[in-house]
Each structure stands twice: as C-alpha cells, then as structure tokens.
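Protein sequences, first through last, are from chains A and B.
Quick note: the first sequence uses the working numbering, first residue 1, plus one each step.
Quick note: the second sequence uses the working numbering, first residue 1, plus one each step.
Please keep in mind that the hints were generated in silico from the structure rather than gathered at the bench.
Do not take every clue at face value.
One copy or two, either will do: identical chains are not told apart, so a pair holds if it fits within one copy or between any two.
Below, a list of computed lysine-lysine pairs in the DSS-like style, where the Cα atoms sit at most 30 Å apart [claimed, not checked]:
| hint | residue 1 | residue 2 |
| --- | --- | --- |
| 1 | K302 | K288 |
| 2 | K216 | K226 |
| 3 | K329 | K233 |
| 4 | K94 | K233 |
| 5 | K216 | K87 |
| 6 | K331 | K226 |
| 7 | K302 | K331 |
| 8 | K311 | K331 |
| 9 | K42 | K329 |
| 10 | K358 | K329 |
| 11 | K207 | K118 |
| 12 | K94 | K216 |
Number of protein chains: 2
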Amino acid sequence: MLKRYLLAPGPTPVPPEAMMAMAMPIIHHRAPDFIPVLDSAKNGLKWLYQTKNDVLILCSTGTGGMVGSVNNFFSPGDKVIVVNGGKFGERWTKICQAYGLDVREIIVEWGYAVRPEKVEDALKKEPDIKGVFVQATETSTGVSHDIKALGEMMKGREDTILVVDAISALVAHDIKTDEWGLDVVIAGSQKGVMLPPGLTFVSISDKAWKKADTAKAPRFYFNFKKEREALAKNQTNFTSAVTLIIGLNECLKMLQSEGLENVFQRHARLATATREAVKAIGLDLYSKESPSNSVTAVLAPKGIDGQEIYKHLREKYGITAAGGQGSAKGKLFRIAHLGYADTFDVITAIAGLEMVLKGLGYPVKLGRGVSVAQELLMR
Amino acid sequence: MLKRYLLAPGPTPVPPEAMMAMAMPIIHHRAPDFIPVLDSAKNGLKWLYQTKNDVLILCSTGTGGMVGSVNNFFSPGDKVIVVNGGKFGERWTKICQAYGLDVREIIVEWGYAVRPEKVEDALKKEPDIKGVFVQATETSTGVSHDIKALGEMMKGREDTILVVDAISALVAHDIKTDEWGLDVVIAGSQKGVMLPPGLTFVSISDKAWKKADTAKAPRFYFNFKKEREALAKNQTNFTSAVTLIIGLNECLKMLQSEGLENVFQRHARLATATREAVKAIGLDLYSKESPSNSVTAVLAPKGIDGQEIYKHLREKYGITAAGGQGSAKGKLFRIAHLGYADTFDVITAIAGLEMVLKGLGYPVKLGRGVSVAQELLMR
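Input sequences plus hints: build the corresponding full structure.
The following block contains the structure:
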C-alpha cells in the first residue's frame with residue numbers, strides 16, 4: 001500500500017462532508033428541492049467573492065468561465081490588453097484571438113509580477129482599449145499580480161473592464177471584488193472551494209453587464225445574460241450539475257463557519273511556512289516576487305530536473321504535487337497549500353521533499369526544512 | 001418522511017456502485033493513476049456507441065456537446081438542415097444561428113417523427129447543404145426520429161454530415177453509429193449512462209474530422225481536434241472531471257456485464273409496459289408515432305393540466321417525473337424509464353399515476369394500468 005497525498009494546485013482534496021453530500025441520491029434540477037440549494041450556493045459565493053453582484057454557476061472547467069468572459073463582453077476587432085506572465089496568461093491571449101479580438105500583450109518574465117504602470121501606460125496610449133485580462137495568481141509560476149492596482153485604473157474608464165482569472169487565487173487570497181472594482185472574476189470548483197472539477201463561477205459588475213448588451217462574439221453554451229435570468233429563479237440555463245452544486249454548499253458552509261479572515265490567514269500561514277522551509281532546505285523560489293498563497297513554485301536545484309522531483313514525490317512517497325508547465329517544464333516543481341489544506345499537509349510536503357532530494361543526491365539535512373515549518377506553523 | 005423516486009428523463013438515478021466510486025478521494029487528472037481510468041472510459045464508450053471512432057469526453061452538459069458539434073465542423077454562412085420537432089430541435093436551430101449558419105428548418109409537428117423523404121428532398125434541392133441536424137429521441141415529445149434512414153442518405157454525399165443529438169436516446173436505443181453512417185453523435189452523462197450531470201460525449205467520423213480542418217466558426221473550450229490529441233494520450237484538453245469519469249467507468253462496467261442487447265431489451269420492455277399501462281388507464285400517448293424507449297410522453301386527459309399531474313406526483317407521492325416543455329407545457333406529462341431503471345420503477349410510475357388521476361377526479365380503476373404493466377413485465 002502506498003498511501004496517497006494530493007498536494008497539487010487543482011484538483012485539490014475534497015472534504016468528506018462534501019463527498020458524502022454528493023454521494024446522496026440525485027435530485028432533479030428543475031424540481032423545488034433544488035431551489036434552496038442553488039439559492040444558498042449563490043449567496044455563499046457572493047460572500048466568498050465579497051460582492052453584491054450575481055455570481056454565475058456554470059458547468060465546465062475554469063477555462064469555460066474564461067471563454068465566457070471573452071465572448072459575452074467583447075466583439076471581434078475589440079482592442080484588449082492581456083497580461084501574459086505564464087501559461088494561463090498565454091491562455092487569455094489564445095482565447096481572445098480565437099474570438100477575433102485585437103490583443104496587445106504585456107509580456108511579463110515568468111516568475112515576476114506585472115508592473116501596474118505598464119498597464120497604465122498601455123491604457124493611456126490607446127484609450128479605446130475595451131478590456132484588460134489578468135490572472136490573480138498565475139498558477140504556472142506561483143506569482144500573484146496586483147489586481148487591486150489594476151482595479152483602481154478601471155475607475156473612471158467607462159468602456160474598459162478588468163477581467164480577472166482568480167481560478168487558483170480565490171479562497172487563498174483576499175479578493176475584494178466590489179471594493180477593488182474587479183469587473184469580471186472567474187473561479188473554478190477544483191481549487192480553493194475544495195470540490196471535484198466541473199463547475200466554474202463568474203462574478204459580473206454592472207459595468208461589464210452593459211458591455212454584454214452590445215458584444216457581438218458568438219455564444220450559446222456560455223451565455224451569461226441567459227444564465228443571469230435563470231439564476232434569478234434559482235436555476236441554471238441548462239441542466240445544473242446538481243451533485244457538484246450540493247457539494248459546493250457543503251464547502252461554502254465550512255468556509256463560512258471558519259470565517260473569511262481566518263480562511264485567508266490559514267492560507268497565508270501555510271504558504272509562509274512552505275516558502276521558508278523550502279529556503280531553509282537551500283532551494284530558491286521560482287516566484288521572484290509576490291508569491292501566491294495558493295501554490296509555491298520552487299526552482300529545481302542545479303543538476304536536478306524539476307520533473308524528477310515531482311515524479312519521485314509521487315512514485316516513492318505517494319505525494320502528488322505538480323511539475324512545471326509550458327516553457328518552465330523541468331525548471332521547477334510546485335507544492336499547493338490550497339483549499340482543504342492544513343498544518344500537516346505542509347509538513348508532509350516538506351518532509352517528502354527533503355527525502356526525495358536526499359534520494360536524488362542533493363545535500364540536504366533531513367528535518368531542517370521541517371523544523372522551520374514547524375516553528376512557523378506553531379505561531 | 002416522503003420517500004423520493006426519480007423518474008425524470010435526466011438527471012436519472014445513479015447506481016450506488018458509481019456513487020461510492022465517485023465518493024473516493026480525488027486523483028489528479030495528469031497523474032499516471034488517471035491514465036487507465038480514461039483509457040477504460042473511452043473504450044467503454046466506443047463499445048456503447050458501436051463505433052471505431054474516438055468518442056470525446058468533455059466537461060459540460062449535453063448542450064455543450066451540441067455547441068461543439070456546430071462550431072467544430074461548420075463555418076458562418078454554411079447551409080444546413082435542422083429537423084425541428086420539439087424543444088431540442090429548436091435548440092439545434094438556435095445554436096446554428098448563434099454561429100452564423102444558414103438554417104433550413106424542417107418543421108415537424110410536435111408528437112410526430114420526421115418523414116425521411118422530406119430531408120432527402122431538401123438535400124436534393126440544395127446539394128450544397130453541409131449538414132443535417134436531428135435528435136435520435138426528441139425528449140420534449142418522446143418521439144424517435146429515423147436516424148438510420150437519415151444516415152443512409154449521407155452515403156455518397158462527401159460534403160454533408162449527419163449530426164445526431166442522442167443525449168436521451170443512447171443506452172435506451174440500439175444506435176449503430178458506424179453501420180448507419182452517423183457522423184457526429186452526442187450524448188450526456190445524466191441520462192442512459194446513469195451519472196450525475198457534468199459530462200458530454202461526442203463521437204466523430206472521419207468524414208466529419210475532414211470538415212473540422214476547414215471549419216471557421218470560433219472555438220476554444222469546445223475544440224475537438226485538441227480533445228482528440230489529448231484523448232490519444234488518455235487525457236482531456238482541459239482539467240478532466242475526474243470524479244464523473246471514474247463514475248462513468250463503473251456505469252460502463254455495469255452496462256457491459258449486462259450486455260448491449262440486454263440493455264436495449266430492458267429499455268424496450270420497460271417502455272412497452274409503460275405505454276400499454278398508460279393506454280389501459282384510458283390515456284393517450286402524446287407521441288403519435290415512433291415512441292421512444294427512454295421516455296413516455298402522455299397527453300393529459302381533457303380538463304386536467306399536465307403540470308398538475310406532474311406536481312401531484314411529486315408533492316403527494318414523492319415521484320419526480322416531468323411536465324411539458326415549451327409550447328407543450330400543460331398538455332402532457334412524461335415518465336422516464338432510462339438508465340438505472342427496472343420493473344418496479346414502471347410499477348411505481350403507473351401506480352402513482354393512477355392514484356394521482358383518481359385524486360384529481362379522473363375516472364380510473366386503481367390497479368388497472370398496474371396489472372397490464374405486470375403482465376407485460378413478466379414476459
């Protein structure tokens with residue numbers, strides 16, 4: 001028996017409360033039993049998003065939410081800015097181009113966060129920019145972009161909206177959707193909200209809804225106005241993913257009983273302990289600045305392939321972390337501390353990492369990183 | 001306590017084997033553990049579809065599969081035929097129009113099946129028709145269209161493909177994808193395959209793949225060529241809905257051990273018993289011809305609203321059947337015998353229906369329909 005530990009930045013472990021709720025017999029999505037379920041889920045999401053706006057609940061992965069956030073608010077030819085600092089920044093560009101938008105990319109070196117003034121300059125240079133696309137946390141590099149600063153820039157720009165991929169950031173980070181002026185914020189079920197993959201969530205500001213009235217990109221499955229109409233009746237436009245929404249309620253209840261501040265503090269505590277322990281082992285973070293509280297990206301030490309570390313963690317010790325993506329493959333590995341995660345998940349990750357490194361011939365004193373993590377986790 | 005019975009044409013009940021498998025801890029979709037799971041699921045689907053083609057597995061409701069079957073094979077301006085004989089025929093038209101196709105509708109009166117010669121005439125009149133869209137079973141009316149005859153028409157037409165929404169028909173009906181020349185066949189998880197909502201399946205013929213090379217409709221989330229590449233490596237293009245795919249394997253195993261012929265015979269047996277029992281009660285079928293083996297649509301008797309029957313079944317007896325949709329609302333109600341359904345589900349439906357009708361003042365002899373169903377179900 002090799003016991004399994006899931007420490008990847010999505011899918012993340014699902015709490016037994018949600019698993020059991022989802023294992024109950026199916027109910028019908030148009031029957032009255034489901035109304036209070038969806039009502040509670042949508043209100044819970046508003047709480048989590050810190051917004052008064054509706055938060056749509058759609059059946060797809062997070063990428064579906066990203067696609068909907070392009071084809072519901074924009075028209076072919078629209079000029080937009082994409083902050084591209086990793087694999088998911090690249091994805092914004094690809095989606096925008098698939099729908100005929102005219103993309104200006106702000107390329108950010110992998111491992112760094114965007115300089116907000118670069119976005120400001122680009123907006124000033126072309127006042128007819130219709131949207132800015134960014135990640136709250138770029139999962140591939142473990143870096144958080146300053147979405148609060150970008151939100152500030154939107155104020156006073158009536159025809160430009162900020163579209164934030166918060167798929168891996170929500171729950172781990174304090175994201176003040178309304179206060180910061182974030183027009184569209186996307187999340188996914190298999191990350192901080194601790195569910196299996198299959199749902200995406202999208203919050204939409206009044207300013208963004210206005211753009212939906214004139215946007216001409218084709219849409220049918222991801223039709224946000226139809227979803228809004230359905231949501232007002234506590235339904236979804238097409239068949240609801242009933243089991244996942246039932247699970248969502250369980251997870252939201254758990255987060256609500258913990259309290260939003262405590263949820264953020266827990267993630268910050270786990271992330272800090274992970275980062276400091278990794279450094280104590282003698283490794284460098286891949287994220288050169290603004291490391292995320294969802295996932296820690298670590299530079300593989302010289303002479304060791306990051307994929308080997310990922311592979312050994314899994315094969316020898318049953319720990320599923322993550323390797324590198326795209327152009328960073330081999331250079332790094334990633335450890336998540338997201339969602340249903342606590343003290344001994346970090347201890348497991350660090351202890352396992354030390355053992356793997358030692359096994360691969362890297363000079364590491366077993367327990368050194370662990371003790372640093374323990375110290376910090378006791379605070 | 002009011003015990004619940006789910007007899008709706010989707011979502012359908014999920015067998016405990018699948019529920020338990022889906023309640024196991026999450027595994028990662030890019031880790032090797034998941035490879036054999038997806039491999040087994042894709043092979044099981046080929047068996048179920050009776051096809052040598054790949055069957056894509058996507059995270060969305062069935063409507064997502066329908067959308068993908070438009071935007072992957074067609075370009076704006078393409079002339080297509082839609083067989084529209086109910087709510088889901090209407091949906092084909094709406095999706096095609098959302099992507100700029102030039103739609104010729106063959107309107108079929110609700111409750112009837114399309115005359116294949118009408119499609120043939122339309123194809124002859126305009127040889128540059130690029131596609132024909134149809135339902136195998138039109139769920140809103142309980143009628144099956146003759147997709148075998150339509151498949152025959154495609155042979156020899158190199159630039160025209162047949163796109164079949166088999167969302168509610170697959171499993172209940174013998175659908176010979178390859179033998180009948182069905183180019184694109186769409187199904188959904190929450191119907192015959194007995195899973196919660198969240199997956200759609202799409203089989204694609206070589207002829208259809210050729211069209212995918214030149215199709216210009218925008219696509220990103222539903223990108224079939226990328227999904228095919230991923231599937232070849234036993235992956236999905238975006239995050240896999242891991243729990244649902246694990247459940248899919250369990251359900252496919254159950255169907256495989258029953259055997260395809262037996263699965264079809266079971267559905268035919270349940271459907272026949274339901275139809276004959278309904279007639280014995282003194283009611284007429286809403287489906288005037290080719291009634292489906294998935295769902296029986298029943299005309300509400302004079303003076304009684306179909307929605308009332310649906311409502312009383314649910315509120316008084318805990319039975320979730322279905323009412324009418326769209327323009328048929330109030331005129332009918334529907335009883336499913338689809339997926340995880342057997343003898344006493346039909347008995348429950350018929351007994352409950354008799355009790356509801358009696359309660360609503362309709363002259364019915366309790367047990368009359370039940371005894372007819374018993375008689376037929378004993379064969």
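Verification of the supplied hints:
Taking the shortest Cα distances, K302 and K288 sit within 30 Å of each other inside one copy (17 Å), while across copies they are farther apart (74 Å). For a Cα distance limit of 30 Å, the shortest separation of K216 from K226 qualifies both inside one copy, at 15 Å, and across copies, at 25 Å. In the homo-oligomer, the alpha carbons of K329 and K233 lie at most 30 Å apart only across protomers (18 Å), although the nearest pairing inside one protomer, at 46 Å, exceeds that limit. Within a single copy, K94 and K233 get their C-alpha atoms only as close as 34 Å, which misses the 30 Å cut-off; across copies the closest is 22 Å, which meets it.
Proximity of K216 to K87 under the C-alpha cut-off of 30 Å is found in both arrangements, the shortest distances being 27 Å within a copy and 25 Å between copies. Within a single copy, K331 and K226 get their C-alpha atoms only as close as 44 Å, which misses the 30 Å cut-off; across copies the closest is 26 Å, which meets it. Taking the shortest alpha-carbon separations for K302 and K331, only the intra-copy value of 9 Å comes in at or below 30 Å, while the best inter-copy value is 73 Å. Taking the shortest alpha-carbon separations for K311 and K331, only the intra-copy value of 14 Å comes in at or below 30 Å, while the best inter-copy value is 60 Å.
In this homomeric assembly, K42 and K329 come within 30 Å of each other (Cα to Cα) only across copies, at 28 Å, whereas the closest approach inside a single copy is 38 Å. With identical chains, the CA atoms of K358 and K329 are at most 30 Å apart within one copy only, with a shortest distance of 22 Å there and 69 Å across copies. In the homo-oligomer, the alpha carbons of K207 and K118 lie at most 30 Å apart inside one protomer (23 Å), although the nearest pairing across protomers, at 48 Å, exceeds that limit. Within a single copy, K94 and K216 get their C-alpha atoms as close as 18 Å, and across copies as close as 15 Å, so both meet the 30 Å cut-off.
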